[in-house]
Amino acid sequence: MTRRDLAIIGAGPAGMAAAAQAAALGLAVTLVDEQPRPGGQIYRDVDRAVALRGAILGADYGRGARLTAGLRRDGIDHVAGAVVWAIEEGFSILYTREGRGARIAADRVLLATGALERPMPLPGWTLPGVMTAGAGQILLKQSGVLARRAVLVGSGPLLYLIAAQMVRAGTPPLALVETQSRGDLARAMGHAGGALRGWRYLAKGLGLLAEIARARVPRHTGATGIAIEGEGRAEAVRFTSRGRAHRIACDTVFLHHGVVPNMQAARSLGVAHRWHQAQACFVPQLDGWGRTEMPGLFIAGDGAGIGGAAAAEIAGRLAALKLAEEAGRLSPEACDRQARPLRAAQARELAARAFLDRAYPPFAEALAPADATVVCRCEEVTAGEIRGHARLGCLGPNQAKAFGRAGMGPCQGRYCGLTVTALLAEANARTPDETGYYRIRPPLKPVTLGELAAMEDAAEAAQ
Amino acid sequence: MKPVSPFLETESGTEAGPRVPVSFDGRTLELPEGANLAAALLAAGVQVFRRTPVSGAPRAPYCMMGACFDCLVEIDGVVRQACMIEVTGGLAIRRPHEAHDDPA
Numbered sequence: 099m100t101r102r103d104l105a106i107i108g109a110g111p112a113g114m115a116a117a118a119q120a121a122a123l124g125l126a127v128t129l130v131d132e133q134p135r136p137g138g139q140i141y142r143d144v145d146r147a148v149a150l151r152g153a154i155l156g157a158d159y160g161r162g163a164r165l166t167a168g169l170r171r172d173g174i175d176h177v178a179g180a181v182v183w184a185i186e187e188g189f190s191i192l193y194t195r196e197g198r199g200a201r202i203a204a205d206r207v208l209l210a211t212g213a214l215e216r217p218m219p220l221p222g223w224t225l226p227g228v229m230t231a232g233a234g235q236i237l238l239k240q241s242g243v244l245a246r247r248a249v250l251v252g253s254g255p256l257l258y259l260i261a262a263q264m265v266r267a268g269t270p271p272l273a274l275v276e277t278q279s280r281g282d283l284a285r286a287m288g289h290a291g292g293a294l295r296g297w298r299y300l301a302k303g304l305g306l307l308a309e310i311a312r313a314r315v316p317r318h319t320g321a322t323g324i325a326i327e328g329e330g331r332a333e334a335v336r337f338t339s340r341g342r343a344h345r346i347a348c349d350t351v352f353l354h355h356g357v358v359p360n361m362q363a364a365r366s367l368g369v370a371h372r373w374h375q376a377q378a379c380f381v382p383q384l385d386g387w388g389r390t391e392m393p394g395l396f397i398a399g400d401g402a403g404i405g406g407a408a409a410a411e412i413a414g415r416l417a418a419l420k421l422a423e424e425a426g427r428l429s430p431e432a433c434d435r436q437a438r439p440l441r442a443a444q445a446r447e448l449a450a451r452a453f454l455d456r457a458y459p460p461f462a463e464a465l466a467p468a469d470a471t472v473v474c475r476c477e478e479v480t481a482g483e484i485r486g487h488a489r490l491g492c493l494g495p496n497q498a499k500a501f502g503r504a505g506m507g508p509c510q511g512r513y514c515g516l517t518v519t520a521l522l523a524e525a526n527a528r529t530p531d532e533t534g535y536y537r538i539r540p541p542l543k544p545v546t547l548g549e550l551a552a553m554e555d556a557a558e559a560a561q
Numbered sequence: 011m012k013p014v015s016p017f018l019e020t021e022s023g024t025e026a027g028p029r030v031p032v033s034f035d036g037r038t039l040e041l042p043e044g045a046n047l048a049a050a051l052l053a054a055g056v057q058v059f060r061r062t063p064v065s066g067a068p069r070a071p072y073c074m075m076g077a078c079f080d081c082l083v084e085i086d087g088v089v090r091q092a093c094m095i096e097v098t099g100g101l102a103i104r105r106p107h108e109a110h111d112d113p114a
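Protein chains in written order, with the numbering used here: chain R, 99 to 561; chain V, 11 to 114.
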């Protein structure tokens, strides 16, 4: 088994940019990714989709092709369609590809595992027909599949982007049900230089809103009391906006109120995380290069804290510089010098992000769901049951597993973890940091005995 | 007959490629070869991918990125995420954790 200088997990903007930068500095890089083609979720399938539907998806999406082009060079081995289920210190990456287990050894590891949609537990969110806005985007990008009668619910620029893309594709959404209020935007504008720093995103947002308005898509802002109704599948969205009750019949509901770091791989390696109040999520503890406390382990991109695609690309490059320095391929002086312009660009991106965080806060009703709402989709545990656990003395999410199985299903807490932490923290009057998060252990994704057996065979054959 | 789907394929979409037969719960569907299986099933009008083992509640794809596990299906006895599989001809797909009445 050959040993690589660097293994990168995730071929989104951070992983792709880091791979190109590290290879340019002479490192032997293996880029491991679950998808058959590079791009991550933001640039999903960009090389194929731009030609087929670039006009619908927009110019920002098309820019991802720069990054996939950067992978076609010596020094980068892109292992596509590989599902990583364990990362061992030292480092060993264990994954499954085409039904067989396999392993990569690497001196250093960069986790570029990106973001997940923030869990949005609302009444009816488990019904067929309810999906994340990100899922709606993936359907369009990768497969050219559109929802005929969709309502978009939540807050954030992604909702405007998907609405505008649906308009361009000729299937506008039935309505936007937005949870942010005018007050949120005013506060974001009033925040020191907020509007100025975020002007580029603001301008893009205004352009998208103009497209949505031209298509006469109704927008309901400051929505509360949101529930999805239906017998066996989503049939309507019910809510109150500006004192009036609404019910919109639909087949599909796309939910979104921001994205949060995908922590699974980092937590499985014991990386310390802390609560980030402004982004209402946990973020890993890193230095300015994306370094964790474990020697040789770095994190870049949205998995390190939400900054968006442009910031992720920059963070990937910064991490690659320091990784090359640690590997003896770059002098400390050259590393610092090459990092300087990247840091300036990074500061601009993150300032814009602070504006977006304030303008589009998470939906309060989904952060503290009603008792009857399911929060753990896999094991169907409700918010009321989690609060009940707290009354019986349950202090943290790991205890909650024993009380009622929350977080023990196949998704391993990806879509309930933050909710369970928040519910227990509130019920026990403790902070999210004191309350903690699920302990994540491998396998990060299910692996079958057959896949493991196939790996043993490969190892013996190699000996 | 193709059931009416809440989803629509754009002209540039999955329908562009050649179609191959797969079976879902005993029904034969013609899906675009190489397409994302979850997307292709949705476009073909499949609305319920599975029922939960806890309450029997119906589920369908939620995240489309391999994280939520709501699109689980059973193929050749193995329960897998439909959103992480590409369509190939002859796939025999079933709803997982359900009693199967094999006529054979």
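Don't take every hint at face value.
[Said to hold, decoys possible] Below are the SDA-like pairs computed for lysine to any residue, each with C-alpha atoms no more than 20 Å apart in a straight line:
no.	chain 1	residue 1	chain 2	residue 2
1	R	Lys543	V	Glu96
2	R	Lys543	V	Gly36
3	R	Lys543	V	Asp86
4	R	Lys543	V	Pro106
5	R	Lys543	V	Val88
6	R	Lys543	V	Gly66
7	R	Lys302	R	Leu448
8	R	Lys543	V	Glu84
9	R	Lys543	V	Arg90
10	R	Lys543	V	Val89
11	R	Lys543	V	Gly76
12	R	Lys302	R	Leu454
13	R	Lys543	V	Ile95
14	R	Lys543	V	His107
15	R	Lys543	V	Ala54
16	R	Lys543	R	Asn496
17	R	Lys543	V	Gly87
[Unchecked claim] Which chain R residues stay away from chain V? Per the calculated CB distances, all over 10 Å, these:
no.	residue
18	Ala184
19	His344
20	Ala551
Simulated from the structure, these hints should not be mistaken for laboratory data.
For glycine and all other residues, C-beta sits at the position ideal for the given N, C-alpha and C.
Now for the hints, and whether the structure bears them out:
The suggested pairing of Lys543(R) with Glu96(V) holds, with an alpha-carbon distance near 18 Å, which does not exceed 20 Å. Taking the CA atoms of Lys543(R) and Gly36(V), the gap is near 28 Å; set against the 20 Å cutoff, the hint is violated. Taking the CA atoms of Lys543(R) and Asp86(V), the gap is about 19 Å. The hint holds against a cut of 20 Å. Of the pairs offered as hints, the one joining Lys543(R) and Pro106(V) holds, with about 17 Å between alpha carbons and a cut-off of 20 Å not exceeded.
Restraint check for Lys543(R) and Val88(V): satisfied, since their Cα atoms lie roughly 14 Å apart, inside the 20 Å limit. Between Lys543(R) and Gly66(V), the direct Cα distance comes to roughly 23 Å. Violation of the 20 Å bound is thereby established for this hinted pair. For a cut-off of 20 Å, the pair hint linking Lys302(R) to Leu448(R) stands: about 17 Å separates their Cα positions. The straight-line distance between the Cα atoms of Lys543(R) and Glu84(V) is roughly 16 Å, inside the 20 Å bound, and the hint therefore holds.
Taking the CA atoms of Lys543(R) and Arg90(V), the gap is about 11 Å. The hint holds against a cut of 20 Å. With a C-alpha separation of about 12 Å, the suggested pairing of Lys543(R) with Val89(V) holds against the 20 Å cut-off. Among the hinted pairs, Lys543(R) with Gly76(V) is consistent with the structure: their alpha-carbon atoms are about 9 Å apart, no more than 20 Å. With a C-alpha separation of about 12 Å, the suggested pairing of Lys302(R) with Leu454(R) holds against the 20 Å cut-off.
A hinted pair counts as satisfied when its Cα atoms are at most 20 Å apart, and Lys543(R) with Ile95(V) qualifies at roughly 14 Å. The hinted pair formed by Lys543(R) and His107(V) meets the criterion: a straight-line CA distance of about 19 Å does not exceed 20 Å. Between Lys543(R) and Ala54(V) the alpha-carbon distance is near 28 Å, which puts this suggested pair outside the 20 Å criterion. Taking the CA atoms of Lys543(R) and Asn496(R), the gap is about 19 Å. The hint holds against a cut of 20 Å.
Pair hint Lys543(R) plus Gly87(V) holds up; C-alpha atoms about 18 Å apart against a cutoff of 20 Å. The claim that Ala184(R) is not at the interface with chain V holds, since no C-beta of that chain comes within 10 Å of its own (minimum 16 Å). No Cβ of chain V approaches the Cβ of His344(R) within 10 Å, the least distance being about 21 Å, so the stated non-interface status holds. With a cut of 10 Å on Cβ distances, Ala551(R) stays outside the contact zone with chain V, its closest approach being about 13 Å.
When held up to the earlier numbered hints, the structure conflicts with 2, 6, 15 and fits the remainder.
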